[in-house]
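Undergrad: Working from the sequences, and respecting the hints, build out all of it.
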Amino acid sequence: MRLPAVAIAAAFACGIALGLHPVAASNATSVFLLSSCFLASLAFILIGIGLTGIGRLIPAAVVSLFTWVLLGFLGVCVAEQPRPPDHVTSLVERGRLSLET
Numbered sequence: 000m001r002l003p004a005v006a007i008a009a010a011f012a013c014g015i016a017l018g019l020h021p022v023a024a025s026n027a028t029s030v031f032l033l034s035s036c037f038l039a040s041l042a043f044i045l046i047g048i049g050l051t052g053i054g055r056l057i058p059a060a061v062v063s064l065f066t067w068v069l070l071g072f073l074g075v076c077v078a079e080q081p082r083p084p085d086h087v088t089s090l091v092e093r094g095r096l097s098l099e100t
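Each residue of the sequence shown is one higher than the one before, counting from 0 in numbering that gives the first Met the number 0.
Honestly, the hints are just simulated from the structure, not real lab data.
It should be emphasised that the depicted structure is a prediction, and the values quoted were computed from it without experimental measurement.
Some hints could be false.
[Unchecked claim] Cβ-Cβ distance ranges computed for the label pairs, FRET-style:
1) Ile53 - Leu98: 54 to 62 Å
2) Leu38 - Ser89: 24 to 32 Å
3) Arg1 - Ile53: 24 to 32 Å
4) Leu98 - Ser29: 29 to 37 Å
5) Pro84 - Ala16: 25 to 33 Å
6) Pro3 - Thr88: 56 to 64 Å
7) Phe37 - Ala60: 21 to 29 Å
8) Ser35 - Leu96: 32 to 40 Å
Idealized CB from N, CA, C, for every residue including glycine.
TA: Set out below in structure tokens:
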């Protein structure tokens, strides 16, 4: 039962590694890239559900792994988005907000 979890974690980690590549990281703020990744992951999920419904389990597993890679990539792209200037973390870093009680 642990093997599918290991495969999912490995696929997700591969997506994270792809997202941290300098070429991908430079385009992480692209609205087109983010929206196309969201739509592609939704399409892959629906395709996987459809393949599972008709009994094609091997292609559904492959689509599932591609989905986890894409979700890992998407997670890195979302994490690389710049913070707004009034974000709490930005205010603490600049010393404009004190964390003392």
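Undergrad: How does the Cβ-Cβ distance of Leu38 and Ser89 compare with 24 to 32 Å: does it lie in that range?
TA: Holds: the Cβ-Cβ distance is about 30 Å, inside 24 to 32 Å.
Undergrad: Could you check the hint for me, namely that Ser35 and Leu96 are 32 to 40 Å apart, CB to CB?
TA: Taking Cβ atoms as reference, Ser35 and Leu96 lie about 36 Å apart, which means the hint holds.
Undergrad: Per the hint of 24 to 32 Å, is the separation of the Cβ atoms of Arg1 and Ile53 within bounds?
TA: With a Cβ separation near 28 Å, Arg1 and Ile53 satisfy 24 to 32 Å, so the hint holds.
Undergrad: A range of 25 to 33 Å was offered for this pair. Does it hold for the Cβ distance of Pro84 and Ala16?
TA: Roughly 31 Å apart at Cβ, these two residues keep to the hinted range, so it holds.
Undergrad: Could you check the hint for me, namely that Phe37 and Ala60 are 21 to 29 Å apart, CB to CB?
TA: holds, 22 Å
Undergrad: For the range 29 to 37 Å, tell me whether the beta carbons of Leu98 and Ser29 fit it or not.
TA: holds, 34 Å
Undergrad: For the pair Pro3 and Thr88, does the Cβ-Cβ distance stay inside 56 to 64 Å?
TA: Taking Cβ atoms as reference, Pro3 and Thr88 lie about 36 Å apart, which means the hint is violated.
Undergrad: With 54 to 62 Å as the target window, see if Ile53 and Leu98 comply at their CB atoms.
TA: holds, 55 Å
Of the numbered hints listed earlier, the single one contradicted by the structure is hint 6.
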